[in-house]
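Sequences listed follow chains U and V, in order. So the first sequence is residues 1 to 459, counted in the UniProt record's numbering. So the second sequence is residues 1 to 428, counted in the UniProt record's numbering.
The hints are simulated quantities; they were obtained by calculation from the structure and are not laboratory data. It cannot be assumed that every hint is accurate.
[Stated by the list, open to error] Within a straight-line C-alpha distance of at most 20 Å, the following computed DMTMM-like cross-link-like pairs (lysine to aspartate or glutamate) qualify:
| no. | chain 1 | residue 1 | chain 2 | residue 2 |
| --- | --- | --- | --- | --- |
| 1 | U | K270 | U | E259 |
| 2 | V | K23 | U | E355 |
| 3 | V | K109 | V | D125 |
| 4 | V | K85 | V | E29 |
| 5 | U | K359 | V | E29 |
| 6 | V | K153 | V | D130 |
| 7 | V | K181 | V | E94 |
| 8 | V | K129 | V | D82 |
| 9 | V | K109 | V | D169 |
| 10 | V | K323 | V | E237 |
| 11 | V | K153 | V | D113 |
| 12 | U | K353 | V | E29 |
| 13 | V | K135 | V | E77 |
| 14 | U | K454 | V | D246 |
| 15 | V | K153 | V | D125 |
| 16 | V | K323 | U | E162 |
| 17 | U | K396 | U | E210 |
| 18 | U | K454 | V | E94 |
| 19 | V | K19 | U | E355 |
The chain contents come next:
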Amino acid sequence: MFGYLFLVLVAAAVVAAYFGGLRALAVSTTAGTSRIKAHSRPIYHGLNAAIWTAVPASIFLLLWLAFQSSVVNQLVLASYPGSEGMDSAALSLLIGEIRQVAAGNLFRQPTPEVAAAAEHLRSLQTYSTYLMMAIGFCIVAVGAFLGMKVISPRYRARHSVETAVTGFMMFSSLVAIIITVGIVGSLVFEALHFFARVPVTEFLFGLRWEPQIAIRADQVAGQGAFGVLPVLFGTFVISAIAMLVAVPTGILSAIYLTEYAHPRFRAVVKPLLEILAGVPTVVYGFFAVLTVAPAIRALGASVGIASSPNSALATGLVMGVMIIPFISSLSDDAFAAVPRAMRDGSLALGATKGETIRKVLLPAALPGIIGGVLLALSRAVGETMIVVMAAGLIAKITLNPFDAVTTVTVQIVTLLIGDSEFDNPKTLAAFALGLVLFLVTLGLNLIALRTVRKYREKY
Amino acid sequence: MSTTAVAGTRVNWHSDDMKARRKARYAAERRLQAYGMIAIIFALGFLAFLIGSLTLTGYKAFTQTVATINIDLSKAELDTSDMMKADWRGAVREALRNQIGDLPRRQEKAFFDLFTSSAPFLVRDAVIKDPARLKAPSSFVIPMSDPADQFVKGEISRDTPESQRRISDEQIGMIDQLVSKGVISSPFNWALFLNADSRFPELAGLAGAISGSFWSLLVCFAISFPIGIAAAIYLEEFAPKNRFTDLIEININNLAAVPSVVFGLLGLAVFLNGFGLPRSSPLVGGLVLSLMTLPTLIIVTRVSLKAVPSSIREAALGVGASKHEMIFHHVLSLAMPTVMTGAIISLARALGETAPLLLIGMNAFITSPPDGIFAASTALPSQIYIWADSPERGFVSRTSAAILVLLGFLILMNAIAIFLRQRFERRW
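So that you can see chain U by itself, here it is in the shape it has in the complex (with noise of 0.2 Å):
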């Protein structure tokens, strides 16, 4: 339905820019016996005539789209009676039933209330779009009538497309702080929302951390816990494992390729590593539970320490391996961007090759190595896959690695799958940890690209 309302809107451009083409061309032929020359080429008042009948119309459509739903809603509302003592989570039921059964849904017969507010929500829905195709033909036909008429040989269409075309290009690159604000907004507000529950305090330096426990919000002993320093304590014994893996691996390999291997060697290795950083997380967590998890558990096993299913050195070693390959580009980087004189130099003093990039190399890369580990550290805290799937649910502080830890990622999700009421501080905990979440991995990504642009311009 909206698919076609676009369709007719680019037609109707087309259509448009076809007729504006047309118009400019017979007025600059007529006019190319006077002496005034068109200031355009009929193409351009052909576009113009179409961002005058499209662009108007489409930001309409899409503005009437994006509040249609909660108008509508809240008109449903307003007419269903004894509406106004409900509490949110109730209201947002009830919507949810009413347009069930607006949409045929039926499973068990609805009250006439319910019934009847269906009706009322159907009828303002068509009510609704014939509105909105009503409002956009008369903005369509408007525009279009005014991007012909100025068609002139005088009229500068040229410059008003590339206007058009210029608005357009700057909107596209605030969209980068639209959607940063989009994220700080949405987590902030629900986080409030959330802290208006339960004390920041709590939260921040609480030890428990059970919100399985406030499924309603009646029950006895329905608080929860929402102390989020196990759960952040568990996200660093995972990333701290999987860094012991990742930091010696990585950095010895880009030793390796970039000053021992030969170039064949590298150009074959290389692109196989970077292969390491494309697989889909999805694949390396399930990898973890199928393969590396009874793995572990077995090694557990065979020297006596007893190990969970989902211990935190399965995750922490999988998830090591996924990052291997940022700090060996990074490091890789950081090592060529050491000048060729500081190696030649130590090599002319007869040190060994070793010896350079252990005395020389390794020291003034060092930087930009350590900006390198820190964004893939940064990564790691913000992984999700590869935990939600093999580290476990229980949050509990502990640095034995075989026993199963919680991170910060696991919760949000576990949290939030199949479950959108937006009212218990249940959910509205996800959105306080993904608060965390951003902000510790915004104060990471901060010092490491500062950290990697400020060295690599020491040279």
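Given the coordinates of chain U, work out where chain V should sit on it, guided by the hints.
Showing chain V alone in chain U's frame:
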């Protein structure tokens, strides 16, 4: 050290002391080299192990054990006036009984359990498609149930004690009987690509996930490609150098490193709860993925615009082109191959992304492929996630097979990108 290298004294390079030192230094050198090699072998070995073990568990899902059974529907008493409600179950059971001879009632159930429990529906659908089959006997292909399938493929060993396998000794006897009659075969499992998801491994396929991924990527491309290119052009060619454009740049770099699950939270809060867009739909999935790919695309496009030499810009401006004409007619068309390469690579990354899709509900159980961007659907990676959580054994191999399919798509996209780069790359 002090004995050999005191200033002014001659160093005897051939002394044993020096030899030992040299030896130690060269050994350290070789050690470092060996560590590097070990690191590379570890990483690549892991990769080989990953792909090898997925292939080993997954390749078996590309065949499916089926029984080809003749059913004479003209003999069955079917109420043909209402195809949907006719007694297909009775007809199918009758035909199955004919394959094995008389069985006591209890064993009959064990026998029927060897075939997929959806067999009556498969027969019904086939007949609705081709009503001529009602008149004459014709053969139907019926997938075997998961345990039977596993047994025929050798995943369940005969030597396992009966209590520890999901298939009983008498069922094994029945399978052997069917095999000796030539009823059972293992053709290529087209259902893996043609069917949508199902609770029964023998019927579950990827069609829904593949089309869901396709629609999401289409939305993602339609949004991120024009906006990404426009933003890159503006920042590279038009934007003044001031604090505001600096802010935009830092922002883009940071967005590229924001965890994907945060984008899922954004999609949930803004698109689903704010705008009320349909849950689980490729529209929302594509929107979220496009927000994620946008920063990468902008960065790639800027690099490729920068690579176009300024002589081309100056030449275009020199013959009287406007700045827009210079960019759209010359610079952008020269940079386009690299931009396309970058776009394909970032789409490939979006194809493998799972976490944000879970948050917007694309992990729902959906048994028919979506017919557009508004219908509920899954995507390939979230399908993998769903199957990985399923307890049936048949889903283990199917998950691996789905992963192989996903990796196949990724390799294909990257191959196209590499081809584009090599075909159109230009050195200035």
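Here's how the hints hold up against the structure:
1. U/K270 <-> U/E259: It holds: about 13 Å lies between the C-alpha atoms, which stays within 20 Å.
2. V/K23 <-> U/E355: holds (14 Å)
3. V/K109 <-> V/D125: Status violated; Cα separation ~24 Å.
4. V/K85 <-> V/E29: violated (80 Å)
5. U/K359 <-> V/E29: holds (13 Å)
6. V/K153 <-> V/D130: Since the Cα atoms of V/K153 and V/D130 sit roughly 32 Å apart, the hinted pair is violated (cutoff 20 Å).
7. V/K181 <-> V/E94: holds (18 Å)
8. V/K129 <-> V/D82: Roughly 14 Å separates the two Cα atoms, so the pair holds.
9. V/K109 <-> V/D169: holds (14 Å)
10. V/K323 <-> V/E237: Judged against 20 Å, a Cα distance of about 9 Å means the pair holds.
11. V/K153 <-> V/D113: The hint holds at about 17 Å.
12. U/K353 <-> V/E29: Answer holds: U/K353 to V/E29 is near 7 Å, not above 20 Å.
13. V/K135 <-> V/E77: Status holds; Cα separation ~12 Å.
14. U/K454 <-> V/D246: Since the Cα atoms of U/K454 and V/D246 sit roughly 16 Å apart, the hinted pair holds (cutoff 20 Å).
15. V/K153 <-> V/D125: Violated: V/K153 and V/D125 sit about 27 Å apart, past 20 Å.
16. V/K323 <-> U/E162: holds (9 Å)
17. U/K396 <-> U/E210: holds (10 Å)
18. U/K454 <-> V/E94: violated (79 Å)
19. V/K19 <-> U/E355: Holds, at about 17 Å.
In summary, the numbered hints that this structure violates are 3, 4, 6, 15 and 18.
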